[in-house]
Amino acid sequence: MLAKSPARRMPMTGRFAAASRREFLLLSTASLALTACSEQPPSPAPIRKYTIESLLGTTPFYIAHRGSGDNWPEHTALAYSSAIAFGVKAIEISVCATADGVLVCHHDTNTLELTGHDLEISKQTYATLSGLRNDARQWLGPASQPQPIPRLKDVLDAHAATHVIFIEDKQATNTKALLDLMDSYPDSKNHFVWKQPASSKTRVEAAARGYKTWGYFMDGSSATYDKYAPNLDFLGVYQAATDAEVTALMVYGKPVIAWEVHTRWMRDRLQALGVRGLMCSNVPYVTNDVALLTSDTFASGNRSAGDLPWTIGWDLQPKLLAGAGSIELDDGSDFSYSMGSLCPVPSDNYSITFDVRWPGRVPPGEAQAGIAFGLHDDRPYRPNVPGTSGGYHLLINDAGKLELYRRSANGATSEVVAALNTAAPQGGQWLKFSVTVTPEEIRCSRLDSGGQSLSAADNTYRGGYLMLCKAYDGEDAVEFRSVSVTA
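Heads up: the sequence shown is residues 1 to 487, going by my numbering.
Hints are computed from structural coordinates only; laboratory data are not their basis. For glycine and all other residues, C-beta sits at the position ideal for the given N, C-alpha and C. Treat the hints with care, since some could be wrong.
Pairwise CB distance ranges, derived in the manner of DEER restraints [what the hints assert, rightly or not]:
{"id": "1", "residue 1": "N421", "residue 2": "T224", "range": "53 to 61 Å"}
{"id": "2", "residue 1": "D348", "residue 2": "D187", "range": "48 to 56 Å"}
{"id": "3", "residue 1": "K176", "residue 2": "M250", "range": "28 to 36 Å"}
{"id": "4", "residue 1": "D448", "residue 2": "P364", "range": "19 to 27 Å"}
{"id": "5", "residue 1": "S130", "residue 2": "G253", "range": "43 to 51 Å"}
{"id": "6", "residue 1": "I47", "residue 2": "L119", "range": "32 to 40 Å"}
{"id": "7", "residue 1": "S333", "residue 2": "L56", "range": "37 to 45 Å"}
{"id": "8", "residue 1": "K153", "residue 2": "K189", "range": "12 to 20 Å"}
Quick list of in silico lysine to aspartate or glutamate cross-link-like pairs, DMTMM-like style, CA-CA up to 20 Å [as the list claims (entries may be wrong)]:
{"id": "9", "residue 1": "K401", "residue 2": "D448"}
{"id": "10", "residue 1": "K319", "residue 2": "D476"}
{"id": "11", "residue 1": "K201", "residue 2": "D180"}
Turn these sequences into a full structure, and let the hints guide you.
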């Protein structure tokens with residue numbers, strides 16, 4: 001599956017059956033606020049026993065990818081238990097073996113990415129690994145606490161009797177040891193799914209022991225479907241695969257599971273194409289269609305569920321400055337940051353307030369910063385980059401010119417629908433704004449400069465999603481705070 005790497009950037013690319021959505025809401029509504037701003041596990045869900053059969057009984061069905069790595073440090077006991085407490089029926093685990101034969105939960109066969117120590121797991125004893133910690137602060141925020149690498153047996157002891165677990169041998173050398181451990185649990189065939197690339201021959205041994213098998217295809221591998229799909233129980237497809245690649249898997253009549261699902265837009269697209277299972281990295285957010293919060297939680301030092309950079313990559317997560325209660329967009333490219341935790345806004349009558357500043361110099365020329373709003377969904381939206389959806393963006397430049405843009409429905413062009421000259425911003429100065437949306441009008445005000453306002457009688461877009469925008473290339477960072485939505 002996708003490993004984190006500074007060079008790997010994934011563009012963020014559904015709908016609940018009524019029973020499935022009700023189930024998640026009943027299990028998790030009380031814990032939404034806690035989950036959104038804390039690494040403490042949500043309150044435990046009612047004790048239930050889920051099997052492969054009951055997992056398949058809902059569409060979509062959810063599997064916590066790496067324990068829902070957008071919310072908790074991936075492949076840790078905290079992640080698995082938190083996702084389960086939230087209400088998922090299934091989790092996904094990657095496994096490696098140490099030099100002394102201990103099976104541990106870890107995606108990469110080397111510990112460098114998550115621990116900072118360049119160690120091959122197969123060459124280290126468990127005693128050595130037990131002293132390391134998985135550190136996800138770069139992705140989740142500075143308040144995220146590093147977590148130990150768990151033993152697989154400890155995780156299975158905790159969850160095998162009550163939940164479904166997709167298990168993959170990442171080293172591809174531990175088939176017998178892993179199957180023997182799986183066999184040691186009661187009713188294991190109803191709770192464990194053998195997970196490997198579709199081309200892996202280990203499915204034969206797993207199937208011979210009575211386990212269901214899930215084989216996943218990378219995007220661009222549709223030419224191999226006929227060779228491998230008939231031999232598998234469940235089929236896997238990468239979320240960025242083309243529509244044609246996804247729908248081509250449907251002809252085999254087997255449940256298709258897509259990974260890794262980070263956003264509601266990904267969910268909706270995949271469901272519309274016939275995907276039944278979603279291996280999800282962002283469980284608290286994707287399994288709901290309601291706003292989890294009304295104000296940002298930057299001061300907590302933990303990223304809220306639903307807040308994500310426009311493309312997935314640990315190196316792209318903006319800095320959460322807990323002491324200042326702000327977030328700093330400092331990537332050198334035209335950049336946007338989804339405030340999914342506040343979305344969708346609850347009605348056609350609402351206000352957004354936010355502060356923005358350039359902490360260093362104010363970049364000259366064409367550089368602008370502000371927000372995008374009225375968006376239909378949470379797909380990527382960058383003001384200066386053609387996309388696939390329409391909406392509005394409110395931007396201010398170095399001269400203090402405030403402009404409200406409307407972007408075409410196909411995302412190709414933008415036009416100014418209202419503009420206002422205000423005082424030029426200074427480096428380090430917080431600018432305060434409000435945006436009021438009614439069914440007929442949009443009014444935007446700069447509150448730190450005498451309350452000057454612009455308005456537009458425009459109702460082209462009334463979608464419920466918003467994003468923070470650094471609408472320029474260059475290293476000059478822009479900072480946001482006090483982002484809130486009031487209905």
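Cross-check of the supplied hints:
1. A C-beta distance of roughly 60 Å is found between N421 and T224, which places it inside the suggested range of 53 to 61 Å.
2. The supplied range of 48 to 56 Å is met by D348 and D187, whose beta-carbon atoms lie about 51 Å from each other.
3. At roughly 34 Å, the beta carbons of K176 and M250 sit within the given window of 28 to 36 Å.
4. Judged by the Cβ atoms, the range 19 to 27 Å given for D448 and P364 holds: they are separated by roughly 21 Å.
5. For S130 and G253, the Cβ-Cβ distance of about 45 Å falls inside the hinted range of 43 to 51 Å, so the restraint holds.
6. Here the CB-CB span from I47 to L119 is close to 38 Å, well matched to the stated 32 to 40 Å.
7. In this structure the hint that S333 and L56 lie 37 to 45 Å apart at CB holds, the actual value being about 42 Å.
8. With their beta carbons about 18 Å apart, K153 and K189 fall inside the hinted range of 12 to 20 Å.
9. As the CA atoms of K401 and D448 are separated by approximately 14 Å, the hinted pair is consistent with the 20 Å bound.
10. For a cut-off of 20 Å, the pair hint linking K319 to D476 stands: about 14 Å separates their Cα positions.
11. Taken as a hint, the K201 and D180 pair is honoured in the structure, with Cα atoms around 17 Å apart against an allowance of 20 Å.
Comparing the model with each earlier hint shows no violations; every hint is respected.
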